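*Asks:* Hints given; two lone chains; assemble the complex.
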Amino acid sequence: MDSPLAGTAAANVDLSKLTDRDKQELQQFVVNESQKARIQQSIHSLTDVCFRKCITSKITSGKLDRYEEPCMQNCVDRFLDANYVVLKELEKMRSSS
Amino acid sequence: MDSLGGSNLSAFASSDPKTAVMRQIQQEAAVQNARMLMEKLNEHCFERCVPKPGSSLSKGEESCFTACMEKYMTAWNVISRQYVARIQKEASTG
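So the protein lines, in turn, are chains A and B. Residue numbering for the first sequence is 1 to 97, as defined by the working numbering. Residue numbering for the second sequence is 1 to 94, as defined by the working numbering.
The following block holds chain B by itself, in its conformation from the complex (with noise of 0.2 Å):
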């Protein structure tokens, strides 16, 4: 998934207080985000592939799930990459 521009803090030392925070707060957000996506994948997929559950998820509901992960994502960085570019657009005119 396209990252934000997150600094690499792997280069210093965990010893150092003030990295370690701040290593600690961009893995809550690396957590949050996952499970935010995790939980639109669910849900959305879930929607579209088994419209009627049943007593197990056949092999076409299986695949379907596959398609609409990859499509989901794909969308995500669709409008990952327009959302950031029109927000540094507004950002620099005003």
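Just chain A, with the same shape it has in the complex (with noise of 0.2 Å):
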């Protein structure tokens, strides 16, 4: 992997360079960059959660089991479903105050 100052070595990019549709597309970029790096955010929640619930026994093996397996993509469903319900209740107290 690049060392992550080899980065910011674009920090001297002369942003005066960059025409109105450059910069339409790089606000289009961020967006969806920010999107992805949420979704990512998410996924490491999830496997946090998911790995404690469902990892119960001593681990032997790099694999995940029959029973593993299956139960990881229960948490992820379930997981939301939850989300749901929680937003939805919150949103019938809110009404209701």
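Treat each hint with caution, since some may be false.
DEER-style ranges, computed between Cβ atoms [claimed, not checked]:
no., chain 1, residue 1, chain 2, residue 2, range
1, B, T93, A, D65, 26 to 36 Å
2, A, K17, B, T66, 47 to 57 Å
3, A, I39, B, E43, 19 to 29 Å
Covered stretches of chain A (in silico footprint by chain B; criterion: 3 or more residues with CB under 8 Å from a CB of chain B, positions within the stretch not fixed) [said to hold, decoys possible]:
no., segment
4, 20-34
5, 47-57
6, 62-74
Honestly, the hints are just simulated from the structure, not real lab data. These numbers come from a predicted model, not from an experiment. Backbone N, C-alpha and C define an ideal beta-carbon position, used for all residues, glycine too.
*Replies:* In structure tokens, the structure reads:
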């Protein structure tokens, strides 16, 4: 992997050379990359939680056995279902107060 | 690890300012992702494999780490696929 500092050399980029079209493309690029970063972050959180829930026995192999893999998949789906329940409940509370 | 479909910018001349900025943004995102993964791996595998820290890491603890790391990264991929599939499904049904 490149040194993280290698990218900062690009900070000397002359931004005044950017055309309006360039700026628009960059804008869209940033929006897309931000969304991708948010998704990556969610995956990290989910893996954190689901690993703890699904890998309960002593770790001997590097593979997921036939209980652990479906558990991981269910974990993601149930977490998102639960998220939805929380949202709905909060909306209800907000509208009744 | 699964990529989320990032575009390959190596075909462009690096002197183009727009591409240089894009590349920098992607690079920083990749660094951030790797850092996060390392942190989580360390945390989980230390918890699992070293219940009582001794004066050194035993061979058993080391091989536990190897297995744990592989397991965690496999789990990450499984979850990544499941998550992306789910949000794509929800985006299309509205």
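*Asks:* Does the hinted range 19 to 29 Å hold for I39(A) and E43(B) at CB?
*Replies:* holds (21 Å)
*Asks:* With a C-beta cutoff of 8 Å, work out whether three or more residues of the segment 47-57 of chain A approach chain B closely enough for the coverage to hold.
*Replies:* With 7 residues in contact (Cβ-Cβ under 8 Å with chain B), the coverage given for the segment 47-57 of chain A holds.
*Asks:* Report holds or violated for chain B covering the segment 20-34 of chain A, Cβ cut-off 8 Å, minimum 3 residues.
*Replies:* Coverage by chain B holds here, the residue count being 6 at a Cβ distance below 8 Å.
*Asks:* Quick one: are K17(A) and T66(B) within 47 to 57 Å, going by C-beta?
*Replies:* holds (49 Å)
*Asks:* Could you say whether the range 26 to 36 Å given as a hint is met by the Cβ separation of T93(B) and D65(A)?
*Replies:* holds (32 Å)
*Asks:* Establish whether the coverage given for the segment 62-74 of chain A by chain B is satisfied; the threshold is a Cβ-Cβ distance below 8 Å, and no fewer than three residues must meet it.
*Replies:* holds (count 7)
In this structure, none of the earlier numbered hints is contradicted; all agree with it.
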